[in-house]
Amino acid sequence: MSDPVSALNHANSTEGLVTITETGPVGMITLRGDLGAKPVQKAAIAAGGVNMPEQGKCLTELDRGIAWMSPDELLILCRYDEVAGKVDDLQGKLAKQHALVVNVSDARAVFDVRGAAVREVMAKLCPVDMHPASFTPGTFRRTRMAQAAAAFWMPEEGVVRVICFRSVAQYVFDLLRVGAQPGSEVDFF
Amino acid sequence: MLIVSCPCCGVTAEETEFHAHGEAHIVRHTVGSTDQDMETYLFMRKNTKGVHFERWRHQYGCGKWFHMARDTMTLEVFGTYPAQTLAPPEDLLVQIDAKRPGWRKST
Ligand SMILES: [Zn+2]
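These protein sequence lines map, in sequence, to chains A and B. Just so we're aligned, residue 1 is where the first sequence starts under the working numbering, counting upward by one. Just so we're aligned, residue 190 is where the second sequence starts under the working numbering, counting upward by one.
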């Protein structure tokens with residue numbers, strides 16, 4: 001077996017207003033179906049290890065969780081090496097449901113962005129209200145970062161996790177670096 | 190710049206997170222219709238100055254389609270409503286009546 005390689009192989013930037021790190025491989029499973037259906041909910045909770053998130057939210061603990069993607073879509077987060085087993089398990093449990101389970105881990109890249117200016121850096125790049133009263137830890141937002149689709153959430157205050165497509169990983173990393181350029185403080189939040 | 194609220198995921202954002210897809214509630218004439226009806230379906234649009242109903246998609250967000258009523262001149266957004274309908278909801282029309290008296294005669 002060869003080792004999994006993520007898009008930017010743990011690329012890291014520490015010289016800006018925030019620290020930006022590509023996290024390396026993260027397990028990600030797309031689950032689409034009727035989110036109101038009990039079997040779908042039970043299977044998702046078992047796979048994600050957390051409760052069902054409300055609309056526009058995510059529930060995460062360390063390296064696992066569930067994010068609300070749309071009215072019929074969840075993203076299940078887990079360790080990269082757990083994905084195959086969880087996909088098998090979900091597909092078995094949902095065999096009689098109109099549902100879709102796909103391993104999307106290798107189609108994506110994940111960044112960890114942290115520092116006091118993290119709200120400001122994200123606000124420069126996304127059409128999202130990053131005010132602490134609006135965007136709270138637990139909010140999960142799909143949006144764009146400049147010209148690329150992305151999704152992000154705050155596991156805790158001062159930390160943002162960004163998911164983007166693997167093909168735009170370098171672009172998103174560079175965006176974050178430019179947004180965090182020393183001397184570009186806005187100090188709005 | 191329009192501020193849009195998606196009725197599918199509840200997000201409010203400016204318009205660049207969304208994409209406009211033209212006039213809504215068009216009658217889709219199909220096999221067996223007259224040439225005139227087919228032409229109307231394919232090419233004829235209202236091009237309104239004022240109240241307009243449109244199809245939009247939450248392109249960078251939840252990915253869902255929905256409808257929006259807005260003013261093409263002032264860019265005021267009157268409201269958004271689900272895609273699974275053939276006509277705007279009555280309560281939205283009443284709101285527009287209050288803001289643009291007589292608009293129904295001009296469309
Ligand atoms: Zn939406």
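Any given hint might turn out to be false.
Said to hold, decoys possible - Quick list of the computed label-pair ranges, beta carbon to beta carbon:
#1 B:LYS294 x A:THR23: 55 to 61 Å
#2 A:VAL102 x B:THR205: 27 to 33 Å
#3 B:THR219 x A:ARG32: 46 to 52 Å
#4 B:THR205 x A:ASN12: 25 to 31 Å
#5 B:THR229 x A:GLU185: 23 to 29 Å
#6 B:LYS294 x A:GLN41: 34 to 40 Å
#7 B:THR223 x A:ARG177: 28 to 34 Å
As the list claims (entries may be wrong) - Simulated pairs of lysine-lysine, DSSO-like, Cα-Cα distance not exceeding 27 Å:
#8 A:LYS38 x B:LYS288
#9 A:LYS124 x A:LYS42
#10 A:LYS96 x B:LYS235
#11 A:LYS124 x B:LYS253
Keep in mind the hints are simulated off the structure, nothing from the lab. All C-beta atoms in this analysis are idealised placements derived from N, C-alpha and C, irrespective of residue type, glycine included.
Hints, verified against the model:
1. B:LYS294 x A:THR23: 55 to 61 Å: 59 Å, holds
2. A:VAL102 x B:THR205: 27 to 33 Å: 28 Å, holds
3. B:THR219 x A:ARG32: 46 to 52 Å: 30 Å, violated
4. B:THR205 x A:ASN12: 25 to 31 Å: 30 Å, holds
5. B:THR229 x A:GLU185: 23 to 29 Å: 56 Å, violated
6. B:LYS294 x A:GLN41: 34 to 40 Å: About 50 Å separates the Cβ atoms of LYS294 of chain B and GLN41 of chain A, which means 34 to 40 Å is violated.
7. B:THR223 x A:ARG177: 28 to 34 Å: 60 Å, violated
8. A:LYS38 x B:LYS288: Distance of about 44 Å is beyond 27 Å: violated.
9. A:LYS124 x A:LYS42: Cα-Cα ~38 Å, so violated.
10. A:LYS96 x B:LYS235: 46 Å, violated
11. A:LYS124 x B:LYS253: 25 Å, holds
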